[in-house]
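Protein chains in written order, with my numbering: chain E, 1156 to 1499; chain W, 1156 to 1499; chain P, 1156 to 1499; chain C, 1156 to 1499.
What you were told as hints is all true, and nothing was included just to trick you.
The list treats identical chains as one, so a pair stands whether inside a single copy or across any two.
Calculated lysine-lysine pairs in the DSSO-like style (CA-CA distance at most 27 angstroms, straight line): (1) K1381 - K1403; (2) K1268 - K1166; (3) K1381 - K1252; (4) K1380 - K1252; (5) K1473 - K1166; (6) K1403 - K1380; (7) K1476 - K1166.
For the record, the hints were derived by calculation from the structure and aren't laboratory data.
There are 4 protein chains.
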Amino acid sequence: MRALTFQAPGKVQIEDRPEPTLSADDDAIVRVEASGVCGSDLHIYHGRVPVDPGFTLGHEFVGTVLDAGAGVTDVAVGDRVLACFLTACGRCFFCRKRDFHKCESSRVFGHGKALGNLQGAQAEQVLVPHANLTLRRVPAGLGIDAALFAGDVMGTGFHAVQSAGLTPGESVAVLGLGPVGLCAVQAAQALGAGNVLAIDTVADRLAMAARFGATPIHLTDDDPKKAIRAATHGRGVDLAVDAVGDPKALDLACRLARNAGRVSATGVYTERCEVHMGVVWIKGLTIHAGQANVVGHVDAVLALMTAGHVDPTPIVTKHMKLDDAPEAYAAYARREVLKVVLEP
Amino acid sequence: MRALTFQAPGKVQIEDRPEPTLSADDDAIVRVEASGVCGSDLHIYHGRVPVDPGFTLGHEFVGTVLDAGAGVTDVAVGDRVLACFLTACGRCFFCRKRDFHKCESSRVFGHGKALGNLQGAQAEQVLVPHANLTLRRVPAGLGIDAALFAGDVMGTGFHAVQSAGLTPGESVAVLGLGPVGLCAVQAAQALGAGNVLAIDTVADRLAMAARFGATPIHLTDDDPKKAIRAATHGRGVDLAVDAVGDPKALDLACRLARNAGRVSATGVYTERCEVHMGVVWIKGLTIHAGQANVVGHVDAVLALMTAGHVDPTPIVTKHMKLDDAPEAYAAYARREVLKVVLEP
Amino acid sequence: MRALTFQAPGKVQIEDRPEPTLSADDDAIVRVEASGVCGSDLHIYHGRVPVDPGFTLGHEFVGTVLDAGAGVTDVAVGDRVLACFLTACGRCFFCRKRDFHKCESSRVFGHGKALGNLQGAQAEQVLVPHANLTLRRVPAGLGIDAALFAGDVMGTGFHAVQSAGLTPGESVAVLGLGPVGLCAVQAAQALGAGNVLAIDTVADRLAMAARFGATPIHLTDDDPKKAIRAATHGRGVDLAVDAVGDPKALDLACRLARNAGRVSATGVYTERCEVHMGVVWIKGLTIHAGQANVVGHVDAVLALMTAGHVDPTPIVTKHMKLDDAPEAYAAYARREVLKVVLEP
Amino acid sequence: MRALTFQAPGKVQIEDRPEPTLSADDDAIVRVEASGVCGSDLHIYHGRVPVDPGFTLGHEFVGTVLDAGAGVTDVAVGDRVLACFLTACGRCFFCRKRDFHKCESSRVFGHGKALGNLQGAQAEQVLVPHANLTLRRVPAGLGIDAALFAGDVMGTGFHAVQSAGLTPGESVAVLGLGPVGLCAVQAAQALGAGNVLAIDTVADRLAMAARFGATPIHLTDDDPKKAIRAATHGRGVDLAVDAVGDPKALDLACRLARNAGRVSATGVYTERCEVHMGVVWIKGLTIHAGQANVVGHVDAVLALMTAGHVDPTPIVTKHMKLDDAPEAYAAYARREVLKVVLEP
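Between the sequences and the hints, there should be enough to build the whole structure, so can you do that?
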């Protein structure tokens, strides 16, 4: 089958790869109908996340179940399904606590040996371990583009606000309006946020956030601190989401949050950095960091999509053919696109 | 000043009553601009809640602060404010736990001696004890009709779903589509409910629930159990709201809820009644009962209103003059109106 | 192998039964070292829960893993393990929400066809489905008698207080001091309850509750309402546990709870009964009903046991041989024993 | 009256100061029977927190109500009371959310102009604003030394674990065994922690933690990471409390916490510092920072003390006379004492 594989930093290509076969009792094989290209794929593309040459990329996908082991009870051959970007076993210490994102045997699709050695989904077929928890049926009436977001980007935007304990009527600032930030804006609205204030430097993204009901604030042309004080009786927001993953964004998030408020550090951090713990401590902030518990959120996210409370499809910039995936990566790297969907 | 007073069961009238005067340090006096007539007023009207003749009725109001004690810091003379239907002191055992609705010195407006001997708001002026907690400024841009709901009916609809722990994506059934049920439908939507199923026998109310995004189900023409099973993969809803206050409604709510689900007994109960504890126990239900914690909810409710997530104004059937209040009560008693707003 | 089987109401006997064999990938077989006789077994013994003649009883057990399928990863052959009284799959709608007690394919050990047709543990060996979730290793240093309680009676006592949201310093009344009630007393202490008030009519049970740190109150010789008002500044307890399962107990629990308090209906209900919904509503109570989520609690319960915060072993009245199980049932039926442990 | 006043860095002295007088409606005046010297007082003593010469120090006290305004309803003249170290109004935005520690008009006793200009309690009398929320009656049978901790040090130890969401059976590491760390050890036990691991370099403090039920770990002689892995199946603790307030402690806390675990940054931070956000993010940690919500916790803390679940009195190293307070400060500064109680 055809598959998009990593070759070297800056180089990916379509190769012929063997079709996957069932191994464990609860494995499934999915024929991919659509896969997304995501910011995380770019980290691999740029060589920042090491992956062996020839490894298939891609961790967002929708498709049809081709085959399934005897232990797969929640989806059946022929079902149209979507996947979470990582697997969970459902029975370890962490899964028993619903911390599915920390499953002791978790594997991430298309991220190489270090993250479970699980071939990716930018291919014609993909093997899905622990299919009962990793897959969900696409609800009737839900489009493929929307479904593609449920187990990754929208799950992450939802996590950014829900796992940080957003309660109805609270004010939220979202810093960084890439796909995750834009999904966080939608999720905040869906959960009944009062004010949602969206901060970025890119006009198109600010416009899309506004379309999703947020008040757009330009990071440098406007004065975010002043704007947020004005919108919150001078107190700061109840929740500030850092959807960037940069010390400056985290610092701004801490400054925008109110006393006893919360900060969601959703953007990726890998290094040491300076944090103004004095501000954090004096304000009495709680900082929620890390990857999203998408397996824990996906049922709720699908229900929000089905009810129309969130709809990420406007974030999809472009549809391309799987064979054109190398071009999609290049366009992504040039920041020309927000979200590309690949179809076989 | 003019005030609508109780006289005898079935009889209320406009009388001249003395203007209120400040007594405690944190009292305020409000010039009433609008007051609502509510289902609870009907209980008094029909003599089911005993009130002395000459007592001023009404517990929903919006107005302007005319005077305030030195301890009133959160609102000022001249502010347009709305009120909660009952007062809270902010410092007793219950208030310290945020169970403001169980405040040890709570008083309900316009409900006679048994509930705190606090004259009501269907009058030109009203005395407001503990004004810091009982009153809130009407947010800029929010209409009087909407504000009127914040401290009573919408606070109750919000309580019905939020205090019963509704989480995003969950399914909700609302039984009884009076003003509280309709507000519960809106609140459920605002909190990100997936399916909202609304049950009643009155076509107009079902139509309004549908307009608010719910799936209408006729209690007798349709088969609620079957309809809800169909909408929830056969499981039943995560949360069933009994907004009626009748053993049959409670029983149906218990039957519509899923295993390990929740029931919100929001409608008023005053008596013993038969409950199928076998169903409750086998299903492992949690039943949340009682009056709403409107003082605890009002800030969130106002934020939801301001953000446009809820808008109860379509529930207002009619605007009338305070002098015509006796006629409003009579129309209410004849079930001709859903919500009447009185203006001086 | 030998096994204790149901024959007819009032009649159980030791029979020779075939040894269990592995069927599913995540099955295990456990050689039983100790099994408990529980109040639920008595329901079967008396014919109130229908079970076919020849069915093996028993749902509390500790033993050693004899054999396990390839999918059993969390325990290994040779491990000493304890079991939960029912199984959970870890992947259905309910398990994904941690409502393991409502697992769509849940089976209860030793309760006949209606509850999953799973042979019981009062035998030499027992088949354990979904062994990863159903079994846990017995922590080093923990005695068999204590371990026997972790997946059933103490899990239920824990559920009675923890799932009803007990917070540190709160006051708790426990009605009914059978094994579950006594475990609820211990669990309440372990969670930092302030006052724990224990109500029963049996002197020995009251004495044991006192030994566990509770204030004993005789149901009829004392005046429970008065005693509890005196102990709670007149307010009533934050949480009242009905560990009886009788409408009178539920009624008393509702009367003993404070405004905005909670009631835990832990005792079994199977029928309709009269509930004073007026009291429930006026007080604004929350009623938590149903069977315990022991699979969800067992890790915490084992940690509490290991730390010495709870120790149910004083509740064990007697150790008997499996062959003498019929006598144990008879003694239980005569209410001569609180908890019997059977050893092969 | 006599009062201990700040003069200059390193210099405090007993001076004659005017007796306080009631000003607001809910003020009280307390005759001090005992006051504590606390680590925070040392910050002032050393000049790190600027206070005007002549300002009375001290923020922990127990005494008797001498006089009270008309709005003081929850305590009465003649009551023995304890105080929280800071005041809360009970009605502002933050108090309405139970974030009493962020009250908009909060004042800290004995901390100079910057923190509310409220004279301290190391004196014969002290003025107590918002007495309903700031004071509590000392429960019958509770000693003065214990009561002295309720509104400050034990409230802070309790906050460190409770506000960070400790659930029963969880493992806890406490870094830094000063009075707050030792109280956190006790609070963790009281809330049903499984393992409690206590880390410090001072033998006496480690011994006291062991006496309180923790496993003592020497920071440098032992290997904390290894010890904690061994105690937690290699996972790390559910909750790590940094009771030091130093970047190294925070870093260690983050390393000791398990994936999806929590860190409580209870020790004081005032500056920027380096944080390994990579570790925080990869692990998916939640960091809870800041001062304790003692007004919110004090009722629970008193209940835990009364029930005997916590007892901080062993932490009191020495009782001295108020007149000897300058000597107490000097001994504190020389680290010769853990907690000194001053009596007039």
